[in-house]
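The listed protein sequences correspond, in order, to chains A and B.
Going by the working numbering, the first residue of the first sequence is number 1, and it counts up by one from there.
Going by the working numbering, the first residue of the second sequence is number 1001, and it counts up by one from there.
I should point out that these hints are in silico values taken from the structure, not numbers from a laboratory.
In this text, all values refer to a predicted model and were calculated from it rather than measured experimentally.
All C-beta atoms, glycine included, are put in the ideal place defined by N, C-alpha and C.
Treat the hints with caution; some may be incorrect.
[Stated by the list, open to error] A few chain B residues facing chain A, derived, Cβ under 7 Å:
#, residue
1, PRO1005
2, PRO1010
3, HIS1011
4, TRP1012
5, PRO1017
6, VAL1021
7, THR1023
8, ALA1053
9, GLY1118
10, PRO1121
11, PRO1329
[To be verified] Now the stretches of chain B that chain A is said to cover, found in silico as 3 or more residues with beta-carbon under 8 Å:
#, segment
12, 1033-1046
13, 1070-1083
14, 1125-1131
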Amino acid sequence: MQTILLRCARMARIETARYAPRGGLALAPVTGPPPVWRAAPIPPLLALPLEQQAGAPAIPCVAIGGHVRRGQCIARPPGPWDAAIHASSSGTVVAIEPYPVALHTVAPRPCILIRTDGADSALAPLPPCDPARESREAVLRRLADCGVVGLGGAVFSTAAKLARAGAPIATLIVNAAECEPHIRCDEGLLAHAPEGIAQGIQALSVFLGQPEVLVGLKETLDPRPLAAALDAAGLAAVRIIRVPARYTAGAEDVLIRLLTGREVPRGALPMDISCVCLNVATVVAAGRALLAGEPLTARVVSVNGRGLPESVNLISRLGTPVSAILAACGADTGPDERVILGGPMMGVELPNAEIPITKASQAVWIPGPGDLPAPGPEHACIRCGACVTACPVNLLPQQLHWHARAADHDALIDHGLDVCIECGCCDVVCPSQIPLVARFRAAKVALAEVQALDARARWLKGRFVAHETRLDARKAHAEAQPAARREDPRARLARLRAHRTHKDADGRGS
Amino acid sequence: MRPPPRLETPHWPHARPVCWVMTQVLLALLPGAAVTLWCRGPGVAVNLALCLATAYACEAAAMRLRKRPLRPVLGDGSVAVTAVLIALSLPPWLPLLLPVVGTAFAVLIVKHAYGGLGQNPFNPAMAAYALLLVSFPVAMTRWPAAAAAWDWGAAWQTWTGGMPILDGLTSATPLGDVRTRLTLTHTLSEIAAHGGPVGAPTGWMMNGAYGLGGLYLLARGIIGWRIPLAVLAALGLCAIVFQAVDADRYPSALFHLSQGAAMLGAFFIATDPVSASTTPRGRLIYGAGVGALAYLIRTFGAYPDGFAFAVLLMNLAVPLIDRLTIPRPYGSPRDD
């Protein structure tokens, strides 16, 4: 009887999102058994990019040839609340040099290369940092020092996020909506590390001043392990809200609207509406950093696609090359296989499989035949409006496309180009096969350049105007006292002569 | 050899290309075209053939003149939709030159002079219809009676530009018939007592068939619900209001929705995406404008039906409507 009551109470806590999604796509759901959960072996070479967070790159603090241990800080954060980077296994630093990595595009970026020794000896973990006892600064310091960043792909420093949020915060949203197909790492965490999630939620809610906690859970995922872990941790007030298994439900802004009905104002961040949104993996990493003193050295990478015997959630050390990930999953892939790092909607296609995993890498996907868009010519826009229906943030992509083509920057701002989250929904539904997302990215760059020029022009104009005002004021001042200045011309001449004689005498004397 | 990596996202196949959309529109026009052919005789088929041939020839010529590749444009099927819509709006027996002139005008001037597919501010089919109607008012308002639809002798004379059809062999459309008789100070009840307006049952059949095709397009998600609903609602609402004022002078909403180009206009012509409004609210306004103007032109104008001019007038208003109905982007203040 008691168990039934308990179960009822638990089920009552699992709610369905009250606010309807707007736009988005019902992309073909990934079916099949739940992904296998296992760890990747240590690769012979680790490549750790210095740019694993939004913002400036980290500053290396190890010497080439030096030995490092797992968990050792190898690059210091550049800013006060930026995240550090740690060695993900023990070994020797062989180089600090540009190495191809995939951030938004694939390009050589500064990396610390570590030749692993296989021993995987680790530094002793830091002492626990209990948010209930430690100061706010100490907690933020710990999160930054342990390299915790948003693991949902945006890699925004969690310490910076929480520092900006201030306390108390009204709502903590835990993002387990995982909407992009072929990304199943959150699913793995929910099934295999629900206790870690519960601990992370507990630590963060203590830090944030006991906010309302909402877990946005993809409706096809099993809520029971998490509900049980939350109950065990005494977090009965945490609400689990199921959100549609629809693409872009997991985008931060979209999820906040789905769960709370509120929107993050344009140009603002969720913290500005007293809301903090963290991915489940980030919550786990934050919990580990605070309670176990463990820096972030590995993440779950979801590996799916053609030639793979099964769907795998691989616990991978940061810096592991994609080829090692694929090998660990038994991928039957040749060197010519196309590989996408990330999901199909927002991921980056890799030129080769030696690109390393970073904190932003949620998934590795090998597209099968027919999974990629057929290359074809772009047709004229017929203004059908399919993109308008698909846009999750209420834009008119087709109008944006026209204004981008015309480089009409005012119209682009009016139509909300800055609101675009580059999700790709408009691109997929476009019958004319227009690469809209690519256009919008280019337009954003162009707009930023124009705005920078405008800002400089405004600054220069301000300086000019200030100068003119100063001159005018001086002139007006001079004209305001003409009587004082007016003197008899003869007297003036005499005065000047006297001055001259005096000066000459001075010159002769010296 | 592995192709170079795509720099663009998303890595997901595109849905339904333009040619698929256009094919679906043509498919949805099939029942309406078949019923029209059955009701109005083989002249419709002649018009269809003429319009299609002219349209493809003009499209090819225009692309050649503009030095653009031919294949993608001829393959996308948009020009076929324009041609079929023109052919289905024309009276069945016409001098052969008329469909050719109309279609050539639609493709060369209305479409390509403005920059081709996607750039034309006016609906090409309706612009062609309007051109023919104002230039050849006699030929364009002479609809053969059902008995004359299969009269090949008369047809031959019409094709060659003659004026052979005797009064007994032509008839007005139901809309025109009602209006003519109303201007002759008949009341609607008197018209009903004399067997109702001429040809009303064929109007029912054709509109029913076009309506079915339209529902198919809605079900396939090729057109949105906003424009057709707004057109039909505005047309019906106007009819209801005027009928409430004077039931003996103004026919019912049912009559208006079942006659003339109501369904063809609402589902196939007003929904032409290129010349219609593109914002969700704008589409409601645009559709309502088309429906209301069509009613007014039908009722108080001198033309057999009002859809062509209603659509063209609303096309003119589209840039303004689009500008005033930009949806609020996520996160923007609610009070704009």
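- request: Could you check the structure against the hints above and give me the numbers of any it violates, in ascending order?
  value: 7, 8, 10, 12, 14
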